[in-house]
Amino acid sequence: MGALEAVILTIITASTPLLLAAIGELVTERSGVLNLGVEGMMIMGAVCGFAIAYTTGSPLLGVGAGLLGGVGMSLLFAFLTQTLMTSQVATGLSLTLLGLGLSGLIGESFTGLPGIKLNAIDIPFLTDIPFIGPILFGQDILVYFSFALVAIVTYVLFRTRTGLIINAVGGNHHSAHALGYDVVKVRYACIAFGGACSGLAGAYLSLAYTPQWIENMSSGRGWIALALVVFSSWLPRRVLIGAYLFGTVWIMGLYVQAMGVAIPAQLLSSLPYLVTIVALVMISGNKTLTRINTPACIGQPFAPER
Amino acid sequence: MKLILEKRSEQSRAMALLSPLLAIAITVVIGGIIFASLGLDPFKALHVYFVEPVTSLWSIEELIVKAAPLVLIGAGLAICYSANVWNIGAEGQLTIGALFGSAIPVYFTTWQSPLTLVLMLVLGGVGGALFAAIPAALKNRFGANEILTSLMLVYVAQLLLDWLVRGPWRDPKGYNFPQSVPFEGWQLLPLLGEGRVHIGAIFAVIAVIALAIMMGRSLRGFEIRVIGNSPRAGAFAGFDQKRVVWFSFLLSGALAGLAGICEVAGPSGELQPNISPGYGFTAIIVAFLGRLNPIGVLFAGILLAISYLGGEAAQVELGISDKTAQVFQGMLLFFILACDTLILYRVKIVSGRPATAKV
Amino acid sequence: MKRLIGLTAVALAMVLAIGVPHAAEKLKVGFIYVGPIGDHGWSYQHDQGRLAIEKELGDKVETVYVEKVSEGPDAERAIERLARQGAGLIFTTSFGFMNPTLKVAERFPNVKFEHATGFKRSKNVATYNARFYEGRYIIGQAAAKVSKSGVAGYIASFPIPEVVMGINAFILGAQTVNPDFKLKVVWVNSWFDPGKEADAAKVLIGQGADIITQHTDSTAPLQIAGEKGVHGFGQASDMIKFAPKAQLTSIVDNWAPYYVARTKEVLNGTWKSEDTWGGLSAGTVEMAPYANVADDIVKAAKETEAKIRSGALHPFTGPLQKQDGTEFLAAGKVVDDGTLASMNFYVKGVDGKLPQ
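So the protein lines, in turn, are chains A, B and C. The first sequence begins at -4 in the working numbering and counts up one residue at a time. The second sequence begins at 701 in the working numbering and counts up one residue at a time. The third sequence begins at 11 in the working numbering and counts up one residue at a time.
Just chain A, with the same shape it has in the complex (with noise of 0.2 angstroms):
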C-alpha cells in the first residue's frame, strides 16, 4: 500500500464523524436551534452503538443503536428547550454534562473488550483496482452515507417543500407560525434528525474509527463538528469542505512529523484549527451570501403569542 493512498484512506476515517455530526447539526440550526450537544449526543451513540453491537454481534444493529441513542439525547434537549422553552446554550452544554456521565455508566461493563468492526464493503473486481479502488470502493457504508446526507440535505433544503418550511422557522418563527406552520413540531423533528447524525458519528467511532469502547472517546469532536457547521456558513457543501479540510490537515500533521520534520508537534497539532480560522474568515468575505443563509432566528425560544 503506497504512502498516499494510506493518508487519503486515513482522512476519509478522520473526517467521516465530523461531517456526519456537523450535517445533522446544519438542520437543527437551519431550524433556528442551537444545540451545543453535539459532544454528549455523540459519546451516547458511540456505547449505545458499542453495546448493541457486541450484545447481539452485529454491526449493522449497533450503527441503528447509535443512532437511537443520540435522537434519544437530542428528544431530551428538545423537550427542555422547545416545550419548557430553556435557554438552548445552557441546556445544549448541560446535554454535554449528562452525555459524557451517562455514557461512562452505560459503557462501565463494556470497557476493555474488543469491538465487533463494522466492514467495508468488497465489491470483486472494483475494490481490486490499485490507488482508487480502496478508496472509491472500499469504505464502509457510514462513509458512503455521509456524502449521500451531503447531497440529500442540500436538496431537501433547497429544492422541497419541507426545505422551504425549516427555512422558514429559523429565519422567521413568527411568520412560519402565522403561516400554518407548527413551529416547535419543526424544530422537534430537526433536532431528533440532528441528534440521529450525532449518534451515527458515535458509532462510528466506536465501530469503524476505533472498534472499543472508552470513557471520553470522542474527545472533543463533536465541538470540532458544531465549529463546521459556523465554518459552512450553513450551507450542506461547505460542512464536506470544511469536514475534509480540517481532516486533512490534522492527518497531515502526523504525517509530517513521521517523516522526521523538525517542526514542534504542538504547532502541527494546532494547524487544522488555525486553517478552518483562516478559510473561515477568506469565505466570509461574501457578506450577502452569509446573511441569507445565516438562520435569523438561531437560539430564540418560541412560544407562539395567544
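It is possible that some hints are incorrect.
[As the list claims (entries may be wrong)] Pair ranges (Cβ atoms, derived):
| no. | chain 1 | residue 1 | chain 2 | residue 2 | range |
| --- | --- | --- | --- | --- | --- |
| 1 | B | I906 | A | R286 | 31 to 41 angstroms |
| 2 | A | T78 | C | P299 | 54 to 64 angstroms |
| 3 | C | N188 | B | W811 | 52 to 62 angstroms |
| 4 | B | V905 | A | M277 | 41 to 51 angstroms |
For the record, the hints were derived by calculation from the structure and aren't laboratory data. This structure is a prediction, so every number in the text was calculated from the model and none was measured. Even for Gly, the Cβ is constructed at its ideal location relative to N, Cα and C.
Could you slot chains B and C onto chain A? The hints should help.
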C-alpha cells in the same frame, strides 16, 4: 389534556426567587430516590452532596476557590451574551491570560515587590483581552462568525501553553518535567485566611458588583441590552454594533485572563500544562444559569461549585463513581433550567385541543 | 442569651462531629487517579493495584479513590479531602500531582503520601516509579527481529523524560539486532485520544513501519496494526484481546506488589519516605505472554529478560552516544538513575529531532 406554556406579560418576580428553590426541591426528591435505588441512605447522600460543602469551614473555603473563577468568567460572559455576542472561547482567553501573567515570574525569577503581583495581574487581564480581540476583530472586519473563531482559538491557546511549559519556559531545575519555576513571595496571590482562598475571590465579587451597576445604571449597559435585543433598533438609537462587539469581547476576555492568572498565581503556584479544569466552558453554563445577570451569576457560580464539590465528596464518602456524580449534576442543571421557565411563562393545563389552533 | 449560645455550641459540635473521622481501626488507603478507571490503561492499572490491596489485606484496610482529577488547581482539594476523610496512606498517581501532594502532606504530617513518577520527597512523602524502559529494551530487540522493513513506528504522548528514555531503550534494544534499525516517532500530544492514536498508527504504517509501538494509553494503535497485518506491542495492560494476531507482547504495569508492600509497612509502622524504582525484578514491570512470534525470538527475549532481572544487563550501558554523536556514557559504564530520570535527548540512531 395538554400542558401549555403561556407567556406572562411581564416577568414574575415571585418566580424569579422561587424557581431555584423549586428546582432544588425537585432535585432533592428525585436525587433521594435515585440514591435509594443505588442502595445508599438517601439522607446521608443528600447531606454529603448539598449540606457538607456549605457547613465545614474547609469546604466553604474550597467552595470559594472553585466558584471564584467561574463567577469572574461567567460575569463577563453574561455581558457578552446579553449583547448577542457569542464568545465561547473563554477557556482560551483564560489560558493566554495565565501565560501573559506568568511571563513575569518566568523571566524575572528573582524580582520581588508588590509591583510584581500587580503587573502579573494586569498582564493577565491584558493577555485575555488581546486574545479575545482576535475573534472580535475577525468578526468586525471580515464578518467571521465568532462561535467558530473563539472556540478554535481555545485549542490553539492550550497547545501554545503546552509548548511553552514543555519547552522554553520549563523550570531548568525541574528535571525536564513540564512545569515552570515555582512562584514565590510576591509572585503569589495573598491568601485570605488559613486555607486556599485568595484575593481572586474579591476580584470576582468586585466584578459582579461593577458589572451589575454598569448594566443597570449606565448608558453602556443600556446600549448593550438594546443592541443585544435588536441591532436595528440599536442603530436607530445611534448605537454602534461594532463597538459593542469590541467592548464585550475585550471585557469578557480580560476577566477570563484575570481568572487565569489568579489560578496560576493562586492555587497552582506554577505554570503547568493543565491550568484549568474547563472553567471557561463551565462558566458559559454559569452565565445562563445566572440569567445573564451579574448578581445571578454569583449565585449560579456558587451553586455549580457546590455540585462539583458535592460530587467529589460523594465519590469519597459514598463510593459512587465520578460518572454517577456527573449524571446527577446534569440532572440538577436540567431542573434548574426547566424551573426558570416559570419566570417567563405560566403553565396551564388545557383539556382537548387548544382553542388557538383554529386561527 | 446564654441558652442561645449553648444551643449554638451544641449545634456547632454536631456539625463538626460529622466532619471528624471516626477513630479508625482500619487503615484507610486513598487513591487519586488522573483518568477514568475505565481508560483500560494507566489509571485502570493503578486501580487494579488498589483492588489487590483489598484482596490481600482484607478487613485490615479500606480503600477510597477519586477518579478523573485534573492536574490543575483541583488536585490539592481532592488530595486533602482524602486526608480529611481519615486516609492514613494516599497514593497520588500522576506526575502533575507532585506539588499539591507536598502541600497537603505538610498540613497532615501523620498521613503517609506516595507520589508516582515525581522527584520531590519529604518526611511523609515517598516517590515511586517503574522501570518500564527495561521492557522497552526487550520489545526493541524483538521488534528488530520480527520487522522485515527495518522500520518501527513509535506513537508518543509528550516529550517528558519517562517517554524519551522509553524511546531510547527501544532503539538500543533494536540496535543489538540490527544496527541500522529505523524508528519513526509521532507525538500525538495526548495520553489518551483513541482516534488520534489510530490515525498516527495508520500514517506510520503507510510510511513503511511494520512494527507499531506506543507510549499512549489506548488500544487503538494495536487494533490498527492488526487490521493492517503488521505487528505491535501493548502498553500498560495485556491487550492481546484487541489484537490477537498483532500483539507480540505487552509491557504491563503491575503496581500490586508495591502497593500491598507499602500498605503493610504502614500497618506495621515500618513505612519510610524513600524513592522506589521497581522494574522487572521487583515485579512492577511484567511482560505479557509472547505471541505471534517464532520460538527462537521468544527464547532470546526471555534470556534478555532474565539478564535484566538478575542485573547482568542494564539497557543503558556504555559506550553510548547522543543523537549528535557526542558521548554521554563511557564504555562499560551504566547510566545513573538521575540521568535517566531527567533524560531529554535521543541516543544515536533515532531519527528526527526531540521536541524541546
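Hints, verified against the model:
no., hint, verdict
1, B:I906 to A:R286: 31 to 41 angstroms, "holds, 40 angstroms"
2, A:T78 to C:P299: 54 to 64 angstroms, "holds, 57 angstroms"
3, C:N188 to B:W811: 52 to 62 angstroms, "holds, 53 angstroms"
4, B:V905 to A:M277: 41 to 51 angstroms, "holds, 44 angstroms"
Every hint, counting from the list given before, is met by this structure.
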